[in-house]
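J.: Could you put together the complete structure from these sequences and hints?
One line per chain: the protein sequences are A and B, in this order. Per the UniProt record's numbering, the very first residue in the first sequence carries number 1; after that it's consecutive. Per the UniProt record's numbering, the very first residue in the second sequence carries number 1; after that it's consecutive.
Careful, some of the hints might be misleading.
Pairs involving identical chains hold if they fit within one copy or between any two copies, as the list cannot separate such chains.
[As the list claims (entries may be wrong)] SDA-like cross-link-like pairs, simulated, lysine to any residue; straight-line CA separation at most 20 Å: (1) K142 with R268; (2) K213 with V61; (3) K205 with R58; (4) K213 with V57; (5) K144 with G170; (6) K213 with S59; (7) K312 with D67; (8) K312 with K324; (9) K213 with R58; (10) K142 with G237; (11) K213 with N260; (12) K213 with P62; (13) K205 with V57; (14) K289 with F279; (15) K312 with L54; (16) K324 with R302; (17) K199 with A184.
It should be emphasised that the hints constitute simulated quantities derived from the structure, not laboratory data.
The chain contents come next:
Protein chains: 2
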Amino acid sequence: MTRNRQVRLAARPVGLPDASTWNYVDADVPEPADGQVTVKVAYVSLDPAMRGWLNDVRSYVPPVQIDAVMRAHAVGHVSASNSPDFAVGDAVSGNFGATEYAVADAKDVVRVDESIAPLPTWLGALGFPGFTAYFGLLDVGKLKDGDTVVVSGAAGAVGSLVGQIAKQHGCTVIGIAGGAEKCAWLTDELGFDVAIDYKSESVAKALRQHAPKGIDVYFDNVGGEILDAALARLRLGARVVLCGAISGYNATEPTPGPQNYLSLLINRASMAGFIVFDFAGRYGEAAAKLGEWVADGKLVAREQVATGGIDKFGDTLLMLFEGKNTGKLVLQVS
Amino acid sequence: MTRNRQVRLAARPVGLPDASTWNYVDADVPEPADGQVTVKVAYVSLDPAMRGWLNDVRSYVPPVQIDAVMRAHAVGHVSASNSPDFAVGDAVSGNFGATEYAVADAKDVVRVDESIAPLPTWLGALGFPGFTAYFGLLDVGKLKDGDTVVVSGAAGAVGSLVGQIAKQHGCTVIGIAGGAEKCAWLTDELGFDVAIDYKSESVAKALRQHAPKGIDVYFDNVGGEILDAALARLRLGARVVLCGAISGYNATEPTPGPQNYLSLLINRASMAGFIVFDFAGRYGEAAAKLGEWVADGKLVAREQVATGGIDKFGDTLLMLFEGKNTGKLVLQVS
Chain A
1 MTRNRQVRLA
11 ARPVGLPDAS
21 TWNYVDADVP
31 EPADGQVTVK
41 VAYVSLDPAM
51 RGWLNDVRSY
61 VPPVQIDAVM
71 RAHAVGHVSA
81 SNSPDFAVGD
91 AVSGNFGATE
101 YAVADAKDVV
111 RVDESIAPLP
121 TWLGALGFPG
131 FTAYFGLLDV
141 GKLKDGDTVV
151 VSGAAGAVGS
161 LVGQIAKQHG
171 CTVIGIAGGA
181 EKCAWLTDEL
191 GFDVAIDYKS
201 ESVAKALRQH
211 APKGIDVYFD
221 NVGGEILDAA
231 LARLRLGARV
241 VLCGAISGYN
251 ATEPTPGPQN
261 YLSLLINRAS
271 MAGFIVFDFA
281 GRYGEAAAKL
291 GEWVADGKLV
301 AREQVATGGI
311 DKFGDTLLML
321 FEGKNTGKLV
331 LQVS
Chain B
1 MTRNRQVRLA
11 ARPVGLPDAS
21 TWNYVDADVP
31 EPADGQVTVK
41 VAYVSLDPAM
51 RGWLNDVRSY
61 VPPVQIDAVM
71 RAHAVGHVSA
81 SNSPDFAVGD
91 AVSGNFGATE
101 YAVADAKDVV
111 RVDESIAPLP
121 TWLGALGFPG
131 FTAYFGLLDV
141 GKLKDGDTVV
151 VSGAAGAVGS
161 LVGQIAKQHG
171 CTVIGIAGGA
181 EKCAWLTDEL
191 GFDVAIDYKS
201 ESVAKALRQH
211 APKGIDVYFD
221 NVGGEILDAA
231 LARLRLGARV
241 VLCGAISGYN
251 ATEPTPGPQN
261 YLSLLINRAS
271 MAGFIVFDFA
281 GRYGEAAAKL
291 GEWVADGKLV
301 AREQVATGGI
311 DKFGDTLLML
321 FEGKNTGKLV
331 LQVS
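T.: Encoded structure:
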């Protein structure tokens, strides 16, 4: 028998997830029913949004149920097919979960092309983080050429792409990240104009210095004090894109809201949230554009690959909340 | 000599303005220079926004300077003219200030028609509060027929018009106001579907009850806890219009931001601020529509006229922050 180890939700965490959050369970490898495929998962995506899926609250997706396999995007290869659309060995992505093998309806499985980019990139620049950056910046943020763009969580999966896409549009790009190493990566490798290290300098002061005319688009992945600092520097007609708020995801007490929200009023600015799923009908457009930029070397796609297999899922997830990843964090499963 | 008593800013207030905030000064009646008129002010407008103009901070208009006549919209009659566009006796409105007589360039003076509505209405439904409600709801709020609309400060100058304009578009309208009397006025006289008395009931609970499917447009005049309660009830694609935040205008310590702002993300909603001046090119459109609704009896224009003359300016302004006005608050000057 082939082992099929799975990560199941044992208990809803209060604060940071820990060992008691997860059960690691050996299940049978599922057989595909008619119209289904079985996928041998190669890499699982780790996303800050996962923390929200663990809470028993109404949100944009239902919470993961206790004892269910943890929801996760993943890439791998078809190991058994009961669908004319896929053959054994095909490289695919989908919402397969944190598991070594998954069964999925063929209609929910997306073919990926390893000749364009290796599998992990299909969980990053050519996957949901790429789509999120693309639609969040261009559609929700209504990016205009030459804008001054500020992005937080700038060394993360989405943030690093947001800044690079803005550079493709002739924008001045300021990234906010934690630590000298990440900041150097943003300016030296990704072409950001400025990187602000929130761990060693005042973000408010640095924004005053580097965005003297104010911010046109602020793409927020973190919330908290950094959101407030950005709000204080909005330009007339600015757009604030709410993509995430990782600084508060593990808070055990209510976190303060953005005190400077009235800057939206004074500056005739707007703050808008979005969920990438709403753009499903246009993923093809984003994938084509992102793929072109990656192929032309205009967009650096970087993944940080954690090893140790599915048993390391819980530990790897924590890296996101400890700021330990640069680029897209994935876990190698097989 | 005719007296020209003026309200001048004596000192910037900390917290609520008080007697030390103002100097009441007798000046000469100004003579109009070429292209100017002198206006004898009949009514001065009192607006929550005035509180912000007293702070020495960068905002959408410069702060009122110490010893300057307090900025205020007003209506009155031309008492002397040095412009071919206006004759003595013409009824006019403009940014004349808190003064008994003002001189103004003819190009900054707007003719009003007392046969359509009495002077105070030109400071309310047919003036800036009307324009603010009109553009804020229809343009910034992107009102759609049948929306569920919630407005705070609903018995105030702008809020009372917002709700009535929404009713003209077949919306379900919920007003939030302080006190049974104001609430009765909203439902019995203005046609609001529901009025929530924030002084005697939980706004959060009442919104759950009366907007079970959620809020499409929330028009905010107050900020604070009521904004948070509304954010918690947003529907997919909701629009939050930031018009004001009177609950915090006199705070002496930083006021908390909206804790529930991530509801914007989950619900793909947006929160946008605006300043009515940005719609100056379209005041004519709003005036025509508002005038038509008032003439047809579809829109109730109510003003609360404080008496006692210009010497009562300071006391009258405080009524706004004590929730003592219903409809548009004006001070009769002559």
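J.: Each hint: holds or not?
T.: Verification of the supplied hints:
Within a single copy, K142 and R268 get their C-alpha atoms as close as 15 Å, and across copies as close as 15 Å, so both meet the 20 Å cut-off. Proximity of K213 and V61 under a CA criterion of 20 Å is satisfied inter-copy only: 18 Å between copies versus 39 Å inside one chain copy. In this homomeric assembly, K205 and R58 come within 20 Å of each other (Cα to Cα) only across copies, at 17 Å, whereas the closest approach inside a single copy is 38 Å. Within a single copy, K213 and V57 get their C-alpha atoms only as close as 40 Å, which misses the 20 Å cut-off; across copies the closest is 17 Å, which meets it.
Taking the shortest Cα distances, K144 and G170 sit within 20 Å of each other inside one copy (9 Å), while across copies they are farther apart (36 Å). For a Cα distance limit of 20 Å, the shortest separation of K213 from S59 across copies, 15 Å, qualifies, whereas the shortest one inside one copy, 37 Å, does not. Taking the shortest alpha-carbon separations for K312 and D67, only the intra-copy value of 18 Å comes in at or below 20 Å, while the best inter-copy value is 69 Å. Taking the shortest Cα distances, K312 and K324 sit within 20 Å of each other inside one copy (15 Å), while across copies they are farther apart (62 Å).
When the C-alpha separation of K213 and R58 is checked against a cutoff of 20 Å, the pair qualifies only between copies, where the shortest distance is 14 Å, while the shortest distance within a copy is 40 Å. Both within a single protomer and between protomers do K142 and G237 lie at most 20 Å apart by alpha-carbon distance, with minima of 11 Å and 17 Å respectively. Taking CA atoms no more than 20 Å apart as the test, K213 paired with N260 passes inside one copy only; the shortest distance there is 18 Å, against 29 Å between copies. Proximity of K213 and P62 under a CA criterion of 20 Å is satisfied inter-copy only: 18 Å between copies versus 42 Å inside one chain copy.
In the homo-oligomer, the alpha carbons of K205 and V57 lie at most 20 Å apart only across protomers (18 Å), although the nearest pairing inside one protomer, at 37 Å, exceeds that limit. In this assembly of identical chains, K289 and F279 lie within 20 Å of each other by CA distance solely inside one copy; the values are 15 Å within and 37 Å between copies. Taking CA atoms no more than 20 Å apart as the test, K312 paired with L54 passes inside one copy only; the shortest distance there is 18 Å, against 58 Å between copies. Within a single copy, K324 and R302 get their C-alpha atoms as close as 14 Å, which meets the 20 Å cut-off; across copies the closest is 60 Å, which misses it.
With identical chains, the CA atoms of K199 and A184 are at most 20 Å apart within one copy only, with a shortest distance of 14 Å there and 54 Å across copies.
Of the numbered hints listed earlier, not one is contradicted by the structure.
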